[in-house]
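The listed protein sequences correspond, in order, to chains A and B. The numbering of the first sequence is this note's numbering, which starts it at 1 and goes up by one. The numbering of the second sequence is this note's numbering, which starts it at 1 and goes up by one.
Calculated directly from the structure, the hints in this document are not laboratory data. Do not take every clue at face value.
A short list of chain B residues far from chain A (calculated; beta carbon distances all over 12 Å) [what the hints assert, rightly or not]:
id	residue
1	Gln360
2	Gly364
3	Thr402
4	Ala441
5	Tyr582
6	Lys665
7	Thr677
Going by beta-carbon spacing under 10 Å, a handful of chain A positions derived as facing chain B [stated by the list, open to error]:
id	residue
8	Thr29
9	Thr97
10	Gly112
11	Arg114
12	Val202
13	Tyr304
All C-beta atoms in this analysis are idealised placements derived from N, C-alpha and C, irrespective of residue type, glycine included.
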Amino acid sequence: MRRLRALGPAVLATLGALAPACLPNDTRTPPGSVVVNVVSDGVAAKGIPASATSDGWSIAFDKVLVSLGNVSLDGDSCDVYSDSGYNRLFDVKVGGTQKVSVIYALGHCEVGFRVSSPNADTVLGASTTDADKTMMRTPGSDAFNAEAGTSIYVEGHATRGDTVESFAWSFRYRARYDRCAMNPALSGSSMTAPGIDLRSNVAESLLVEVSPGVLFADALNTTVAQHRFQVFADADAVTGNGDGVVTLDELARVPLEKAGFADIGGAGDAGIFPGVEGFVGDADLVIRAETPFDGGSQPSLEDYLYTVLFPGTIRYEGTGACSVHLASRGLGD
Amino acid sequence: MHVSRAGLVAAAACVLFARRAHAADPTSATPAATPPPKDASETSSVVPPRLIHAPDIPYPRGAEGDAVVVLAVTVTTTGTVRAVRVLEGEEPFVGAALRAAPTFRFEPATRDDRRISATIRFEVAFHAPPPVPVTAAPEHTPAAPAVPAPAAPANTDAAEVVVHGRRTAPMASSMTRAEVRQLPGAFGDPFRAIEVLPGVTPIVSGLPYFYVRGAPPGNVGYFLDGVRVPYLYHVGLGPSVVNPSLVDHVDLYPGGYPARFGRFAGGIVSGETAAPRDDLHGEGNIRILDAGALVETGFAGGRGTVLVGGRYSYTAAILSLVAKDVALDYRDYQVRATYDITPSDRIGIFGFGSYDLLGQRQAGGLNVLFGSEFHRADLRYDHSFGHGSTLRIATTVGFDQTRIADQRNATDRLTGARLELYHPLSDAITIRAGADVMVDALGTSQQYYVDPDDPTTQRYERLFAPRTDVAVGTYIEAVLDIHPRIELSPGVRFDAYTSGSTSASAIDPRIAARLKLGKHVRLVEAYGLVHQPPSFVVPVPGLTPATLQDGLQRAVQASSGAEVDLPDETTLTASVFHNAFYNMTDALSSISAIQGGLLTGLEQRATGEAIGLELFARRSLAARLGGFVSYTLSRSMRSLPNATFPSAFDRTHVASAALAYDLGKRWRAGARIVFYTGVPKTLPPRGLIVPPPSLHPERDPDFFRLDLRLEKRWLIGSRGYLSLVFEVLNSTLSKETIASQTIGPVTIPSIGLEGGF
Numbered sequence: 001m002r003r004l005r006a007l008g009p010a011v012l013a014t015l016g017a018l019a020p021a022c023l024p025n026d027t028r029t030p031p032g033s034v035v036v037n038v039v040s041d042g043v044a045a046k047g048i049p050a051s052a053t054s055d056g057w058s059i060a061f062d063k064v065l066v067s068l069g070n071v072s073l074d075g076d077s078c079d080v081y082s083d084s085g086y087n088r089l090f091d092v093k094v095g096g097t098q099k100v101s102v103i104y105a106l107g108h109c110e111v112g113f114r115v116s117s118p119n120a121d122t123v124l125g126a127s128t129t130d131a132d133k134t135m136m137r138t139p140g141s142d143a144f145n146a147e148a149g150t151s152i153y154v155e156g157h158a159t160r161g162d163t164v165e166s167f168a169w170s171f172r173y174r175a176r177y178d179r180c181a182m183n184p185a186l187s188g189s190s191m192t193a194p195g196i197d198l199r200s201n202v203a204e205s206l207l208v209e210v211s212p213g214v215l216f217a218d219a220l221n222t223t224v225a226q227h228r229f230q231v232f233a234d235a236d237a238v239t240g241n242g243d244g245v246v247t248l249d250e251l252a253r254v255p256l257e258k259a260g261f262a263d264i265g266g267a268g269d270a271g272i273f274p275g276v277e278g279f280v281g282d283a284d285l286v287i288r289a290e291t292p293f294d295g296g297s298q299p300s301l302e303d304y305l306y307t308v309l310f311p312g313t314i315r316y317e318g319t320g321a322c323s324v325h326l327a328s329r330g331l332g333d
Numbered sequence: 001m002h003v004s005r006a007g008l009v010a011a012a013a014c015v016l017f018a019r020r021a022h023a024a025d026p027t028s029a030t031p032a033a034t035p036p037p038k039d040a041s042e043t044s045s046v047v048p049p050r051l052i053h054a055p056d057i058p059y060p061r062g063a064e065g066d067a068v069v070v071l072a073v074t075v076t077t078t079g080t081v082r083a084v085r086v087l088e089g090e091e092p093f094v095g096a097a098l099r100a101a102p103t104f105r106f107e108p109a110t111r112d113d114r115r116i117s118a119t120i121r122f123e124v125a126f127h128a129p130p131p132v133p134v135t136a137a138p139e140h141t142p143a144a145p146a147v148p149a150p151a152a153p154a155n156t157d158a159a160e161v162v163v164h165g166r167r168t169a170p171m172a173s174s175m176t177r178a179e180v181r182q183l184p185g186a187f188g189d190p191f192r193a194i195e196v197l198p199g200v201t202p203i204v205s206g207l208p209y210f211y212v213r214g215a216p217p218g219n220v221g222y223f224l225d226g227v228r229v230p231y232l233y234h235v236g237l238g239p240s241v242v243n244p245s246l247v248d249h250v251d252l253y254p255g256g257y258p259a260r261f262g263r264f265a266g267g268i269v270s271g272e273t274a275a276p277r278d279d280l281h282g283e284g285n286i287r288i289l290d291a292g293a294l295v296e297t298g299f300a301g302g303r304g305t306v307l308v309g310g311r312y313s314y315t316a317a318i319l320s321l322v323a324k325d326v327a328l329d330y331r332d333y334q335v336r337a338t339y340d341i342t343p344s345d346r347i348g349i350f351g352f353g354s355y356d357l358l359g360q361r362q363a364g365g366l367n368v369l370f371g372s373e374f375h376r377a378d379l380r381y382d383h384s385f386g387h388g389s390t391l392r393i394a395t396t397v398g399f400d401q402t403r404i405a406d407q408r409n410a411t412d413r414l415t416g417a418r419l420e421l422y423h424p425l426s427d428a429i430t431i432r433a434g435a436d437v438m439v440d441a442l443g444t445s446q447q448y449y450v451d452p453d454d455p456t457t458q459r460y461e462r463l464f465a466p467r468t469d470v471a472v473g474t475y476i477e478a479v480l481d482i483h484p485r486i487e488l489s490p491g492v493r494f495d496a497y498t499s500g501s502t503s504a505s506a507i508d509p510r511i512a513a514r515l516k517l518g519k520h521v522r523l524v525e526a527y528g529l530v531h532q533p534p535s536f537v538v539p540v541p542g543l544t545p546a547t548l549q550d551g552l553q554r555a556v557q558a559s560s561g562a563e564v565d566l567p568d569e570t571t572l573t574a575s576v577f578h579n580a581f582y583n584m585t586d587a588l589s590s591i592s593a594i595q596g597g598l599l600t601g602l603e604q605r606a607t608g609e610a611i612g613l614e615l616f617a618r619r620s621l622a623a624r625l626g627g628f629v630s631y632t633l634s635r636s637m638r639s640l641p642n643a644t645f646p647s648a649f650d651r652t653h654v655a656s657a658a659l660a661y662d663l664g665k666r667w668r669a670g671a672r673i674v675f676y677t678g679v680p681k682t683l684p685p686r687g688l689i690v691p692p693p694s695l696h697p698e699r700d701p702d703f704f705r706l707d708l709r710l711e712k713r714w715l716i717g718s719r720g721y722l723s724l725v726f727e728v729l730n731s732t733l734s735k736e737t738i739a740s741q742t743i744g745p746v747t748i749p750s751i752g753l754e755g756g757f
């Protein structure tokens with residue numbers, strides 16, 4: 001018993017050091033939150049009247065589906081408290097804002113999101129159906145992707161007089177938008193400073209605008225762009241099979257230099273494609289694309305539609321800008 | 001001529017478990033001078049084994065001083081030695097004693113004049129020879145014959161012997177503490193050492209989560225003294241959560257295991273703590289990252305014992321020097337107390353627990369990236385009926401908690417009770433029966449910062465919904481010596497489960513057999529049906545999927561093999577096995593065919609099978625020159641409704657070999673090589689139409705590593721020692737590739753100072 005008494009202090013000291021361990025509570029400063037919403041610019045629902053096009057065609061959208069999500073916050077001075085690893089399928093013809101996700105962080109955070117084909121977990125947005133999701137997940141191939149799902153699906157028709165041309169295009173690239181920045185004209189800054197400031201217990205919101213009309217614009221800069229359809233109609237009626245359906249393959253036969261884009265130079269302009277900034281005239285609307293497509297020596301209208309106009313349909317805060325990275329992993333995960 | 005000699009001065013039999021407190025001081029070089037009190041009704045007809053022959057045991061070359069080695073020796077009904085286990089002692093004396101022990105001959109123990117098998121505590125005392133000129137000294141000069149133990153109870157002192165009969169189950173592999181100490185890369189941890197055993201397939205080098213005969217880590221059960229333990233290792237790569245000094249041995253049951261083990265569809269890892277001792281003794285170590293110690297002593301004249309142990313990591317202080325934002329902490333504790341109310345009745349409490357934390361300092365606080373803890377208190381009552389029959393009634397309470405992403409806690413407040421009866425009906429029949437109930441109150445805290453629409457969040461809340469799980473089970477098993485050459489071990493257990501509002505039940509028959517073909521060859525067979533409730537992919541405290549409505553996991557386990565005694569105390573085992581898995585929540589193995597990750601996989605059920613060949617040649621690492629070669633050739637497949645494919649961690653070849661050698665002057669060196677085949681090179685599927693996974697996919701590169709260990713030991717007095725140990729896991733800085741991702745090199749160096757008395 002003497003021995004036990006002698007051990008007593010050691011026993012108590014050991015127990016005191018080891019036993020009371022319990023996982024600590026969260027002692028961090030409560031974060032702020034940001035809700036990211038998506039909104040249509042209204043073109044998908046209302047279409048583009050003939051009066052708004054340069055060539056008298058009216059354009060109507062029968063279905064515009066966008067699979068968007070995987071919102072992220074990042075940055076050296078950004079403390080991220082949660083992530084958002086899912087996406088939603090949106091029917092862009094639906095008016096109003098729809099939630100993409102909410103994410104928590106503290107500090108100055110750069111914002112990113114992704115447009116990619118749906119996966120099994122994709123949440124259905126308003127008026128979208130499982131059939132839409134299945135259609136978007138069904139693998140397909142084109143000149144840019146093999147056996148890939150669809151990130152953005154655009155279906156519609158254009159009319160001028162008695163002539164009707166329809167289109168149904170699946171864009172299969174996975175487009176990652178990072179370092180999104182406000183338009184300096186709106187942010188009040190002389191520079192586009194990417195990111196958002198999140199303060200403790202303060203809820204912020206951001207808007208991602210979907211503008212399918214960009215696909216028919218002759219420039220990315222909305223301040224100078226005009227919509228048109230004749231060049232697409234000719235791709236079917238003149239150089240295509242004339243079946244009344246404009247396909248991506250038919251657009252591939254149209255040299256870009258004859259496509260009449262306002263903000264690019266002559267054919268084969270090396271400034272059009274990968275990683276080159278300033279390929280559009282207005283720096284406020286720059287999409288700094290890093291595409292896996294090298295442009296080639298004779299870029300086509302399909303090239304431009306698929307690698308520039310398609311990512312240009314997604315706008316951060318309307319007139320903001322993001323760095324865009326296109327990848328061919330379009331199956332969803 | 002120099003004559004080294006060892007003197008076997010005492011062979012003292014004593015109680016190994018229930019009656020230990022009244023036995024002789026095991027460290028004494030002389031037997032108990034005053035036999036403890038006895039229960040006459042229990043002991044009047046029991047006569048313990050008596051030593052009738054012991055070989056000359058050479059004093060180990062290069063050794064110095066006197067030493068005592070204590071062995072647990074199992075004596076058969078014919079007086080031969082069936083099993084030897086080291087209880088105490090240091091090299092090179094342990095090796096010398098182990099080499100000699102199989103040749104001991106006894107007059108067998110008897111009960112009512114009938115021969116019975118018995119396990120006794122056996123002391124071998126070595127006395128250093130006087131210094132003499134070393135000229136022409138033979139390497140091993142026979143020592144004087146061992147002196148028959150004058151105090152080996154040769155009369156009615158049956159309180160000092162308990163009919164053991166608790167034989168190693170067929171197909172079980174066992175590692176003793178003495179062996180593990182010498183295993184390079186194991187850092188002295190018995191639980192970590194199981195990775196060298198055949199049938200065990202690692203996931204990642206250094207990470208102590210294993211597949212066992214095709215069963216993933218989530219289907220492998222861990223027990224310590226019969227108490228379920230949620231996990232065994234600190235922060236993955238860390239040491240085991242139980243002080244190695246407390247662990248007597250660890251058994252791996254890769255399949256077809258005894259009916260007393262249930263509720264797991266893979267293998268069983270069962271650790272047994274060392275028997276309580278009433279002499280003051282202890283061990284401790286100090287390493288770069290942590291320090292641990294254990295001390296035990298007796299009280300009340302030996303009727304009671306108390307033990308305190310633990311480990312504390314000071315990684316936080318070290319990490320603060322190199323990575324100020326990272327917080328890493330782990331610690332564990334063990335407390336045990338026993339008290340003999342009467343010579344036949346003992347009460348005890350065994351408490352142990354562990355704590356792990358990995359965090360990052362952020363925003364003025366701590367962001368816990370991963371944290372887990374568990375605590376167990378096991379209150380026991382042991383009763384000896386005499387004639388080797390024992391009863392244990394125990395209650396267990398515990399608390400498990402895991403912190404995962406986004407500060408969400410998963411908790412388990414568990415309460416259980418169990419009854420274990422061990423009863424030798426006759427010399428040829430022993431039964432073991434028991435029953436238990438376990439109640440797990442599982443909880444999940446609300447996530448503070450979460451998008452409620454996130455499918456992963458919703459899936460987590462479905463899978464780990466707060467609820468109460470109850471498991472009730474009962475079993476009976478027997479060991480039948482139906483013939484001098486045939487030992488049969490049938491058993492059956494019944495379990496009933498409820499989880500929330502769902503329930504399930506299962507009957508698990510088991511049978512194993514050992515057939516002696518000759519003096520040195522035995523055939524062993526083991527078959528069993530096992531069931532398990534839904535399980536997470538790896539053992540994590542508090543994380544148990546709430547998917548019992550989809551049924552129990554189950555497996556049919558079969559194995560057949562042979563044990564061969566080779567010269568020089570070397571044994572060889574060879575086995576073939578076939579495990580069939582049904583309705584498994586095995587997301588880890590099926591990750592190559594599941595979209596959406598592990599949580600999605602937990603909502604699916606898979607079938608599968610594993611076949612293989614295991615070879616294991618072994619000479620105790622505690623011997624002067626010891627080592628082993630372990631090899632497993634296997635194929636593990638999984639099937640989902642539309643695909644059959646190799647398990648994500650199917651490794652065709654897994655081999656390891658170790659060598660430990662006594663260099664003399666108490667220097668001891670060891671090396672271990674590990675090799676295994678790369679895993680199938682598959683990526684998780686994407687898209688709506690998933691091409692079927694290949695049956696013969698390309699594989700990631702094979703892996704090889706070399707572990708090293710060097711120890712210098714100093715003796716302090718008659719019982720004390722101090723060791724300086726250099727050890728490194730993956731000294732070759734080998735990198736590993738998993739799913740086309742290069743990992744590592746995961747290299748763990750360790751410099752430590754160990755001591756004991």
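Item to complete: May I ask you to check that B/Gln360 keeps its beta-carbon over 12 Å from the closest beta-carbon of chain A?
Response: At roughly 10 Å from the nearest Cβ of chain A, B/Gln360 sits no farther out than 12 Å, so the non-interface label is violated.
Fill in: B/Ala441 non-interfacial with respect to chain A [C-beta, more than 12 Å]
B/Ala441 clear of chain A: closest Cβ-Cβ about 17 Å, beyond 12 Å.
Discussion item. Holds or violated: the hint that A/Thr29 contacts chain B, with Cβ atoms closer than 10 Å.
Written reply: Hint holds; A/Thr29 Cβ to chain B Cβ min 5 Å, cut 10 Å.
Worksheet entry | When the least beta-carbon distance from A/Gly112 to chain B is tested against 10 Å, hint result | This hint is violated: A/Gly112 lies away from chain B, its Cβ roughly 16 Å from the closest one there, beyond 10 Å.
Worksheet item: Was the hint right that A/Tyr304 lines chain B, CB cutoff 10 Å?
Response: violated (27 Å)
Item to complete: Hey, is B/Thr402 genuinely clear of chain A, shortest beta carbon separation above 12 Å?
Response: Non-interface label fails for B/Thr402: nearest chain A Cβ at 8 Å, not farther than 12 Å.
Discussion item. Hint validation: A/Val202 versus chain B, beta carbon distance must be below 10 Å. Holds or violated?
Written reply: violated (14 Å)
Worksheet item: Is the nearest Cβ of chain A still more than 12 Å from the Cβ of B/Lys665?
Response: holds (34 Å)
Worksheet entry | Closest C-beta approach of A/Thr97 to chain B relative to 10 Å, hint status | Result: violated, 15 Å to nearest chain B Cβ.
Worksheet entry | Interface-negative label, B/Tyr582 against chain A, beta-carbon threshold 12 Å | holds (25 Å)
Worksheet entry | Reported absence of B/Thr677 from the contact zone with chain A (all CB gaps over 12 Å) | holds (28 Å)
Discussion item. A cut-off of 12 Å on Cβ-Cβ distance, and B/Gly364 was said to be off the interface with chain A. Does that hold?
Written reply: Non-interface label fails for B/Gly364: nearest chain A Cβ at 5 Å, not farther than 12 Å.
Comparing the model with each earlier hint shows violations of hints 1, 2, 3, 9, 10, 11, 12 and 13; every other hint is respected.
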